[in-house]
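Make the full structure from the sequences, and use the hints.
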Amino acid sequence: MSTPSSPPAPPRTVDDHATALRYELMDEAAGIADLIPLGLGDPDLPTPPHIVDAAKQAIDAGLADAVGDPAGLFELRAAVADKLWRENGVPCSADGVVVSTGGQEGLFLAVQAIINPGDEILVPDPRYPSYDTAIRAAKGEIVSVPTYEEDAFDLNPAEVQARITPRTRALLLVSPGNPTAGTVSPDHVRELAEIAKRHDLIVISDEIYEKLLYDDAEHLSIGSLPGMSERTVTVNGFSKTYCMTGWRVGWVAGPERIMREVARLKRLTSACAPLVSQYAGLAALHGPQDAVDSYLEQYSRRRRIVLDALDRLGFTYGQPRGGFYVFLNAGSSGIPAEQLSRKLLTEAHVLIFPGTGFGPNWSQYMRLAWLAPEERIAEAMARVERCLAPGGEVSG
Amino acid sequence: MQTSIPIDLATRIPVMTQASVRDAAKAALDAGATHYTDRPGIRELREAVALKLAESNRIAVAPADEVLITCGVQEALFLALQILAGGGDEVIITGPALPEDVELVRSVGAAARIAPADDQLRLDVNRVEELITENTRVILLRSPTAVGEVVAYPILAQLGALVTKHDLRVVTVESDEALTAAGIEHRSIGEVDGLAPRTVTINDFSGAGLEAWRVGYLAAQRPLMAGMRRLKQELSICSPAVSQYAALDAIRRSDGHAAALRDQLDVRRAAFAQALAQTDLEYVSPQAGMYVFAKPAPGVPVTSAILRAAEARIMVADGALAGADGWLRLTLNQDPEVLSAAAFELANLVGQIPAKAAP
Numbered sequence: 001m002s003t004p005s006s007p008p009a010p011p012r013t014v015d016d017h018a019t020a021l022r023y024e025l026m027d028e029a030a031g032i033a034d035l036i037p038l039g040l041g042d043p044d045l046p047t048p049p050h051i052v053d054a055a056k057q058a059i060d061a062g063l064a065d066a067v068g069d070p071a072g073l074f075e076l077r078a079a080v081a082d083k084l085w086r087e088n089g090v091p092c093s094a095d096g097v098v099v100s101t102g103g104q105e106g107l108f109l110a111v112q113a114i115i116n117p118g119d120e121i122l123v124p125d126p127r128y129p130s131y132d133t134a135i136r137a138a139k140g141e142i143v144s145v146p147t148y149e150e151d152a153f154d155l156n157p158a159e160v161q162a163r164i165t166p167r168t169r170a171l172l173l174v175s176p177g178n179p180t181a182g183t184v185s186p187d188h189v190r191e192l193a194e195i196a197k198r199h200d201l202i203v204i205s206d207e208i209y210e211k212l213l214y215d216d217a218e219h220l221s222i223g224s225l226p227g228m229s230e231r232t233v234t235v236n237g238f239s240k241t242y243c244m245t246g247w248r249v250g251w252v253a254g255p256e257r258i259m260r261e262v263a264r265l266k267r268l269t270s271a272c273a274p275l276v277s278q279y280a281g282l283a284a285l286h287g288p289q290d291a292v293d294s295y296l297e298q299y300s301r302r303r304r305i306v307l308d309a310l311d312r313l314g315f316t317y318g319q320p321r322g323g324f325y326v327f328l329n330a331g332s333s334g335i336p337a338e339q340l341s342r343k344l345l346t347e348a349h350v351l352i353f354p355g356t357g358f359g360p361n362w363s364q365y366m367r368l369a370w371l372a373p374e375e376r377i378a379e380a381m382a383r384v385e386r387c388l389a390p391g392g393e394v395s396g
Numbered sequence: 001m002q003t004s005i006p007i008d009l010a011t012r013i014p015v016m017t018q019a020s021v022r023d024a025a026k027a028a029l030d031a032g033a034t035h036y037t038d039r040p041g042i043r044e045l046r047e048a049v050a051l052k053l054a055e056s057n058r059i060a061v062a063p064a065d066e067v068l069i070t071c072g073v074q075e076a077l078f079l080a081l082q083i084l085a086g087g088g089d090e091v092i093i094t095g096p097a098l099p100e101d102v103e104l105v106r107s108v109g110a111a112a113r114i115a116p117a118d119d120q121l122r123l124d125v126n127r128v129e130e131l132i133t134e135n136t137r138v139i140l141l142r143s144p145t146a147v148g149e150v151v152a153y154p155i156l157a158q159l160g161a162l163v164t165k166h167d168l169r170v171v172t173v174e175s176d177e178a179l180t181a182a183g184i185e186h187r188s189i190g191e192v193d194g195l196a197p198r199t200v201t202i203n204d205f206s207g208a209g210l211e212a213w214r215v216g217y218l219a220a221q222r223p224l225m226a227g228m229r230r231l232k233q234e235l236s237i238c239s240p241a242v243s244q245y246a247a248l249d250a251i252r253r254s255d256g257h258a259a260a261l262r263d264q265l266d267v268r269r270a271a272f273a274q275a276l277a278q279t280d281l282e283y284v285s286p287q288a289g290m291y292v293f294a295k296p297a298p299g300v301p302v303t304s305a306i307l308r309a310a311e312a313r314i315m316v317a318d319g320a321l322a323g324a325d326g327w328l329r330l331t332l333n334q335d336p337e338v339l340s341a342a343a344f345e346l347a348n349l350v351g352q353i354p355a356k357a358a359p
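Chains as they are written, first to last, in the working numbering: chain A, 1 to 396; chain B, 1 to 359.
Treat the hints with care, as some may be off.
[Stated by the list, open to error] For each label pair, taking beta carbons as the anchor points, the in silico distance ranges come out as: (1) 61(A) x 100(B): 58 to 68 Å; (2) 69(A) x 119(B): 35 to 45 Å; (3) 17(A) x 135(B): 28 to 38 Å; (4) 167(B) x 86(A): 54 to 64 Å; (5) 93(A) x 348(B): 40 to 50 Å; (6) 131(B) x 260(A): 46 to 56 Å; (7) 141(A) x 44(B): 39 to 49 Å; (8) 227(A) x 264(B): 29 to 39 Å.
[What the hints assert, rightly or not] Covered stretches of chain B, as calculated for chain A (at least 3 residues, CB under 8 Å): (9) 14-21; (10) 33-43; (11) 75-84; (12) 101-108; (13) 203-216; (14) 223-237.
Keep in mind the hints are simulated off the structure, nothing from the lab. Backbone N, C-alpha and C define an ideal beta-carbon position, used for all residues, glycine too.
This is the structure in structure tokens:
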């Protein structure tokens with residue numbers, strides 16, 4: 001019996017190191033009983049009950065039985081278009097919206113629709129690695145644009161401008177950012193819009209954390225600026241705002257000429273988004289929004305606990321202005337982040353992802369997600385402080 | 001001659017979600033299944049899938065890392081082709097080839113080579129072999145096929161021999177397995193000797209009315225699985241939690257719902273075939289699925305046939321939707337007596353060249 005001579009691994013489209021590391025740590029963490037997970041971007045809080053109820057009603061009514069339009073339920077696409085105009089000032093029609101199986105798939109589809117082989121796309125560094133997977137699948141060239149802790153990881157338009165070539169096709173904006181929690185300031189968004197128009201770039205704007213803003217941070221959707229709606233594809237979803245990660249539903253919106261291709265690719269990639277989840281998304285947009293305020297209040301208190309502990313540890317960070325992460329600089333510990341991540345996991349039973357999961361330059365940095373109850377976060381930070389104290393030992 | 005009520009033989013038969021599945025989904029939501037699940041799928045579902053594959057398909061896979069729960073068959077197929085074929089590669093699609101399969105192969109950058117079916121719309125291994133070149137990487141197979149042929153084991157074994165001989169992989173989609181006619185044995189190419197390390201088996205729970213829930217699976221041995229598993233995580237993180245719990249209920253219970261549908265289809269198929277046999281229409285009555293295929297008389301193009309039928313208020317579809325060019329696709333969407341009447345009427349309409357055909 002012959003065995004296949006040329007195994008089809010390694011995958012051609014997956015960013016190996018970053019992904020492998022992230023999943024390796026999660027696998028290890030799964031075996032630790034008193035673990036406090038501050039790694040994954042999965043909110044610990046529940047989906048608001050009115051959204052769950054709407055999904056159950058859709059199930060009872062048999063609405064989830066019929067396979068729908070690959071682009072998504074018309075009502076949901078219309079609700080997204082309405083939200084974009086009302087809340088973000090982005091003009092959009094229901095035909096310019098495709099419902100995706102989560103924001104990450106939405107981003108993947110948008111990149112496949114826009115990037116041709118050899119096209120360059122400007123992307124912030126550090127960044128969530130699935131962007132790279134999407135770009136590599138489209139055979140695009142990744143051009144990293146550095147952001148800096150001292151700028152709170154805002155994206156500097158001059159750094160973008162300096163990297164534009166005749167092959168530059170698109171700019172990826174992620175604001176608020178992952179892993180940095182930095183926001184692109186409205187003034188910078190306006191400058192970036194001018195650059196995009198001047199160089200005829202498409203902007204892919206990932207706004208999945210738009211509702212989770214701290215202090216005086218402001219969110220400006222680049223698609224709302226003059227002349228930008230025809231060259232902006234906005235990616236968003238329900239996972240982070242409404243604690244709906246498990247439902248796998250998000251959306252992509254933009255000019256119809258691009259969205260027709262996104263819809264075609266959506267059909268080929270996964271047929272359509274799950275219907276139950278689409279009805280849940282519809283309830284999220286149409287229903288009361290007070291749960292979001294309540295989540296933000298809780299996140300704000302957790303953020304304070306984390307930042308105070310980091311200050312005591314002598315770790316610096318870019319001020320987290322949006323989302324639920326802090327990208328901290330653990331350089332003062334003298335331990336490289338990957339090693340530190342393992343140490344904290346095995347000794348303190350706290351999972352925090354190393355910065356190298358978000359780009360090779362971030363070997364001193366770590367991404368901490370405050371997605372556990374306040375008292376658990378306080379406990380986690382106390383464990384970290386004990387673990388890193390001179391001669392420090394931790395007992396669970 | 002015109003019927004008073006339109007007869008719809010064009011649209012798919014809607015398969016309603018089973019009541020127990022709905023209850024299981026709602027219970028899961030009440031229990032807080034609103035977060036990401038294990039990336040490859042909830043453990044209980046992977047175990048149930050592995051058990052089903054072992055018992056029904058003679059395929060042995062480890063639930064831990066050889067089963068991946070996907071957002072339906074389509075995502076599974078996308079992952080498999082994206083990992084196994086790329087630019088410069090050729091994928092042979094066994095005919096009749098679904099147009100969307102051809103489009104998907106092209107969208108991952110590979111060349112689609114369609115191995116035509118024989119004149120009875122059956123998979124033709126010889127045509128597959130003729131298409132194999134040094135650039136061939138994958139054979140894409142559906143069984144039951146797009147026209148409902150349940151590919152017999154000897155044919156699967158011949159295909160398997162080609163796969164091994166030419167060092168290929170095979171991707172098999174078996175989502176109409178649940179609608180296989182009584183007395184017909186559905187077999188999987190993954191059970192063919194030596195094929196296990198080369199086969200990606202894809203299926204779903206659509207027999208239980210779960211198509212719109214977007215949940216399915218793929219199974220493959222570890223070296224084949226690794227890349228698909230990682231790409232899935234990077235593409236959609238995990239499959240929808242509520243849908244996975246729905247699927248768990250569907251797979252754990254006996255397939256009572258699918259069996260009821262299957263029995264109904266068997267009765268309808270037999271009645272339709274019996275009527276068609278009394279006409280001069282050439283037809284194919286398959287062993288699975290919800291369609292029968294009939295061929296208009298020579299000289300009657302399919303589009304004309306569809307129009308003539310529509311004028312007589314019988315809605316039929318183009319067989320090309322199932323890769324059966326030149327045939328009509330007829331859904332078993334009516335009671336047996338209606339199907340019988342429709343068969344005779346269709347024969348009158350498209351079964352022979354009308355004496356006074358338009359110039």
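Discussion item. The hint says 58 to 68 Å between residue 61(A) and residue 100(B); measuring C-beta to C-beta, is that right?
Written reply: Hint violated: Cβ distance 29 Å, outside 58 to 68 Å.
Discussion item. Tell me whether the statement that chain A covers the region 101-108 of chain B is true, taking a Cβ distance below 8 Å and needing three residues at minimum.
Written reply: holds (count 3)
Practice prompt. Take the C-beta atom of residue 69(A) and the C-beta atom of residue 119(B), compute their distance, and say whether it sits inside 35 to 45 Å.
Written response: 36 Å, holds
Worksheet item: Can the suggested window of 40 to 50 Å be confirmed for the beta-carbon pair residue 93(A) and residue 348(B)?
Response: Because 47 Å falls inside the window, the suggested range holds.
Worksheet entry | Assessment of proposed distance window 28 to 38 Å (beta carbons of residue 17(A), residue 135(B)) | Taking Cβ atoms as reference, residue 17(A) and residue 135(B) lie about 31 Å apart, which means the hint holds.
Discussion item. Given the hint of 29 to 39 Å, is the C-beta distance from residue 227(A) to residue 264(B) inside that range or not?
Written reply: 58 Å, violated
Fill in: Outcome, coverage hint (the region 75-84 of chain B, chain A; C-beta under 8 Å; three residues)
holds (count 5)
Discussion item. If I claimed the Cβ atoms of residue 131(B) and residue 260(A) lie 46 to 56 Å apart, would that claim hold in this structure?
Written reply: For residue 131(B) and residue 260(A) the Cβ distance comes to about 32 Å; the hint is violated.
Fill in: Stated coverage of the region 203-216 of chain B by chain A [criterion: 3+ residues, CB within 8 Å]
Satisfied; 6 residues make the cut.
Worksheet entry | Coverage of the region 223-237 of chain B by chain A, judged on three or more residues with CB within 8 Å | holds (count 12)
Worksheet item: Are there at least three residues in the region 33-43 of chain B whose beta carbon sits under 8 Å from a beta carbon of chain A?
Response: Our answer is that it holds, as 6 residues pass the Cβ test (under 8 Å) against chain A, meeting three.
Worksheet item: Okay, the region 14-21 of chain B and chain A, do three or more residues pass the C-beta test at under 8 Å?
Response: holds (count 4)
Violated hints, listed in ascending order, are 1, 6 and 8; each of the other numbered hints is respected by the structure.
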